[in-house]
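Chains as they are written, first to last, in the working numbering: chain A, 1 to 281; chain B, 1 to 359; chain C, 1 to 282.
Quick caveat, the hints were computed from the structure, so don't treat them as lab data. All C-beta atoms in this analysis are idealised placements derived from N, C-alpha and C, irrespective of residue type, glycine included. There's no promise every hint is true.
Chain A stretches covered by chain C per the calculated footprint, using a threshold of three residues with CB under 8 Å from any CB of chain C [to be verified]:
no., region
1, 125–137
2, 223–237
3, 242–249
4, 262–271
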Amino acid sequence: MSEAHRFGSGPVQAAGPWSRYLFTGAVVVLCLWVLVPIYLLLVNTLSSPEAVATYPKRALPEFDTQSLAFFMNYAGVGQALWNSIKVATVTMILSIGAGAPAGYALSRFDFRGKDTFRVLVLMTRAFPLPLLALPLAVLYIRIGLDDSILGLALVHTTLALPFAVLITFSLFSGIPIELEEAAWTLGCNRFQAFIKVILPLVLPGIAASAIFAFVISWNEVFAAAVLTIEHRTLPAFLLQGLAESPLHLKFAGGAVLVLPALLFIFLVRKYLFSMWGIANR
Amino acid sequence: MAIIQIKGVAKQYGKVHALHSIDMTIADQEFMVLLGASGCGKTTLLRIVAGLETATTGEVWIGEKRVDKLAPKDRGIAMVFQNYAVFPHLTVYENIAFGLRMAKMEQKEVDRRVERTATLMHIEGLLKRYSGQLSGGQRQRVAVARALATEPQVLLMDEPLSNLDALLRMEMRAELKTVLAESNTTTIYVTHDQVEAMSMADRIAIMNGGKIVQASSAVEVYRNPAAHFVGSFIGNPPMNFLTADNSGDGFWQVAGVRVKGPDTSQKSIQFAIRPEDIVVHGKSGDGSTASEGAFTAGVRILEPLGSHLLASCKVDDQLFRVVLNSDAEVQPGDTLQWSPQADRVRWFDPETELALSTV
Amino acid sequence: MYPRSLPYLLLLPSTLFLCVFFLYPFGLVAWQAFVTDTGQFTSEFFVEMKSHWKFNTAFTNTILLALAVVPFQVCLALYMATLVNGMKRGRDLILYIWTIPLGISDLAAGIIWLAIFEQTGFLNSMMQGMGFIDQPVSLLSYQNTGMIFLAILLAEVWRATAIVLVILVAGMGLIPKEYYEAAEVFGAGRWKRFTKITLPMLKPSLQTAMILRVIMAFEVFAVVVALGGTNLPVLMGEIYTWQFDLQDANVAAAYALVILLISISCTLLIMWGLRTPKEARV
Numbered sequence: 001m002s003e004a005h006r007f008g009s010g011p012v013q014a015a016g017p018w019s020r021y022l023f024t025g026a027v028v029v030l031c032l033w034v035l036v037p038i039y040l041l042l043v044n045t046l047s048s049p050e051a052v053a054t055y056p057k058r059a060l061p062e063f064d065t066q067s068l069a070f071f072m073n074y075a076g077v078g079q080a081l082w083n084s085i086k087v088a089t090v091t092m093i094l095s096i097g098a099g100a101p102a103g104y105a106l107s108r109f110d111f112r113g114k115d116t117f118r119v120l121v122l123m124t125r126a127f128p129l130p131l132l133a134l135p136l137a138v139l140y141i142r143i144g145l146d147d148s149i150l151g152l153a154l155v156h157t158t159l160a161l162p163f164a165v166l167i168t169f170s171l172f173s174g175i176p177i178e179l180e181e182a183a184w185t186l187g188c189n190r191f192q193a194f195i196k197v198i199l200p201l202v203l204p205g206i207a208a209s210a211i212f213a214f215v216i217s218w219n220e221v222f223a224a225a226v227l228t229i230e231h232r233t234l235p236a237f238l239l240q241g242l243a244e245s246p247l248h249l250k251f252a253g254g255a256v257l258v259l260p261a262l263l264f265i266f267l268v269r270k271y272l273f274s275m276w277g278i279a280n281r
Numbered sequence: 001m002a003i004i005q006i007k008g009v010a011k012q013y014g015k016v017h018a019l020h021s022i023d024m025t026i027a028d029q030e031f032m033v034l035l036g037a038s039g040c041g042k043t044t045l046l047r048i049v050a051g052l053e054t055a056t057t058g059e060v061w062i063g064e065k066r067v068d069k070l071a072p073k074d075r076g077i078a079m080v081f082q083n084y085a086v087f088p089h090l091t092v093y094e095n096i097a098f099g100l101r102m103a104k105m106e107q108k109e110v111d112r113r114v115e116r117t118a119t120l121m122h123i124e125g126l127l128k129r130y131s132g133q134l135s136g137g138q139r140q141r142v143a144v145a146r147a148l149a150t151e152p153q154v155l156l157m158d159e160p161l162s163n164l165d166a167l168l169r170m171e172m173r174a175e176l177k178t179v180l181a182e183s184n185t186t187t188i189y190v191t192h193d194q195v196e197a198m199s200m201a202d203r204i205a206i207m208n209g210g211k212i213v214q215a216s217s218a219v220e221v222y223r224n225p226a227a228h229f230v231g232s233f234i235g236n237p238p239m240n241f242l243t244a245d246n247s248g249d250g251f252w253q254v255a256g257v258r259v260k261g262p263d264t265s266q267k268s269i270q271f272a273i274r275p276e277d278i279v280v281h282g283k284s285g286d287g288s289t290a291s292e293g294a295f296t297a298g299v300r301i302l303e304p305l306g307s308h309l310l311a312s313c314k315v316d317d318q319l320f321r322v323v324l325n326s327d328a329e330v331q332p333g334d335t336l337q338w339s340p341q342a343d344r345v346r347w348f349d350p351e352t353e354l355a356l357s358t359v
Numbered sequence: 001m002y003p004r005s006l007p008y009l010l011l012l013p014s015t016l017f018l019c020v021f022f023l024y025p026f027g028l029v030a031w032q033a034f035v036t037d038t039g040q041f042t043s044e045f046f047v048e049m050k051s052h053w054k055f056n057t058a059f060t061n062t063i064l065l066a067l068a069v070v071p072f073q074v075c076l077a078l079y080m081a082t083l084v085n086g087m088k089r090g091r092d093l094i095l096y097i098w099t100i101p102l103g104i105s106d107l108a109a110g111i112i113w114l115a116i117f118e119q120t121g122f123l124n125s126m127m128q129g130m131g132f133i134d135q136p137v138s139l140l141s142y143q144n145t146g147m148i149f150l151a152i153l154l155a156e157v158w159r160a161t162a163i164v165l166v167i168l169v170a171g172m173g174l175i176p177k178e179y180y181e182a183a184e185v186f187g188a189g190r191w192k193r194f195t196k197i198t199l200p201m202l203k204p205s206l207q208t209a210m211i212l213r214v215i216m217a218f219e220v221f222a223v224v225v226a227l228g229g230t231n232l233p234v235l236m237g238e239i240y241t242w243q244f245d246l247q248d249a250n251v252a253a254a255y256a257l258v259i260l261l262i263s264i265s266c267t268l269l270i271m272w273g274l275r276t277p278k279e280a281r282v
């Protein structure tokens, strides 16, 4: 889908140079608005603990890794990082595992109850999902899932599942059903056609939605803080120590949270728009 | 290499009847075209034969086997889709070989068949390419090659040429006809293009409103439409219809002229004639003596179409088209004197909309 | 040609999941808010919540934040989306930059803006550098809730405008450009085209974006903790306090119901306000 020249860029443009400057200026300012705060965090992260506490601040980093090293060796950080990765991975597997079949069913079949299911999925949007952690905290103690990786991953899956369903739905809808039908007429059963024709075509998109699920879990803070005590994820760990920990620890922690997210968004950027285009419907 | 029998096949979507109990037999190696406007049920019927859709009731037989409960892969069919459905993640070679690999054929045989069908479709130079690197016409060829490579008993084609531009379509039409004549498959071909249908078909089944109205050779459906719909659908321009009132003894009053017609007791029926089956005697008032019992037609619009001149006229306040020589000297407002070629006049019952025999 | 049960089988895992981990817990939270541990039906938890001195401030702060953040974000995102759509080169790069905050958690956003607003932070350094102040000012202290509010507002706008932008850009992508060309031929200028074509046709996307954002605004938590500690109470933070520090899950549940209630009423309000009749959709 080529979205360039969508509008406002009609064939004849009577706009003078001033409106051109204004346009470029606005774009640059908005880019700075997004990038400068991240840059400043990185300046802090790449400065020594002393420099982080000095005043006034310099606008250039020292490229000193002491703060980072201090953070990574700080008691519990390694474990929290590892917990975050585990929870996010389980979330990713669960949400794609449950979401992709639903996305396929929605895109390929007409059946009674389809609309009910769609409403159920869309309803999750109108509810503040992190609140789920409260009743589940009680429930988990009863069934022994309290303070566990799986217990938290299940809540995070509730957050990620609706997205997984909608993204995979749009992915499968983007593949003409005739490709599948052609495979059937050429000797495939439904499952073979899926494996040989559909899967290779949707795999990159599935990977993108998996990454998306990973990021949702990686970033979630409230449920993680409510549901874990010993097995804190990184955000929960940082939140807990927010009041007491020194500044350089906070900033290094913030940077460690941000960097993987930047990479992930870069990887899935192609799918962000097509997926929301469909999800609006 | 099989007879296809369709017995009482009907399809209902909720309360909508897409197909009303269809019965049809397609002979071994016959080329049958399903022709109709969009929404007439032709594609549904094809997909039921393919097994992509399930009939609400009825049976489908291919050869000696009842297939309507079988999956598409077990029916011995191959299909060419309107949008070609060439797998984008496979090369042309692997696309053509797809069905053969599913049948677990030996590599040597796969090579042989892919090569043969690719040569047949003139795409032997493209075997290493992906579908994204092909033009529409080339994709079309790959789709046909892929279907033929499996050497199916039955070949099903769903508007295979409708996505091509006009010139390419004409070329492919002729080519497909040759290729299919050599491969001994029984073919069902769906199209909404009557020229395509008439030029390719052994038999044309004209569908309307989920029913087959007539299934005959091209000449037959053109000359002897079985129903009002066929006459008005086939032919460009289509047949002319005029109201005929009974004046007794098998005579009918058509636009003020007494004509011999079918001997029925109905009050009024329809008189029909194709625009090119009209003999024009001349214009009123230009001195030429009108022959006794000639019709008149007031010319409204003239469309010079190169090979001929199409005149849209009014006869007795009903639209009436006449095909004239392209150099005929006619102006809008003229009144033409004409008579029908007697053996080409057809009659229809306005209630059943079916043809009435004149004997 | 498939067994009738196939779609249901495919839907089963996610349906089960949503029932167990979405519908059931919301039932449970309501139960917790109204029923004591001994099974007694009561409104005492709401009374306790309401009579707590922080409730009113937390409630007001949450609503005010949402009211300040969301409309601003929607306008900003609309502006950004039109800028992007008027772009000939570099569109993908700009879009990538503008959507970066999408991957950044609220906690991280709070920390990022803390680097700017804390006493030895960049804002103070800059103001000193320009000669506005002589020594660092404590911007985020408890006497200065207005500043905390502003910092939270900026952090929220910074972080969560990206999601609105993505939804709106995707929505604009669905509007056929022929409509704009037709409007241009009939003499509509840029602004007219925006108000007469873009806005009305973007309604479904605006609806999605606003519902999503309002819900997220009511859930605001980590940004507030990072920037204000407990100096600016919000509903979600109170839940955390009741659940953890005060160990009273019932009052926490009562709070949760309050958030749920305002979330649902806002959703309904937005759905009604931005409704498009079925026949008028693209």
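Quick rundown of the hints versus the structure:
1. 125–137: Since 12 is at least three, the answer is holds.
2. 223–237: The restraint on the region 223–237 of chain A holds, since 3 of its residues have a Cβ under 8 Å from chain C and three suffice.
3. 242–249: Satisfied; 3 residues make the cut.
4. 262–271: holds (count 5)
When the structure is compared with the earlier hints, no violation turns up for any of them.
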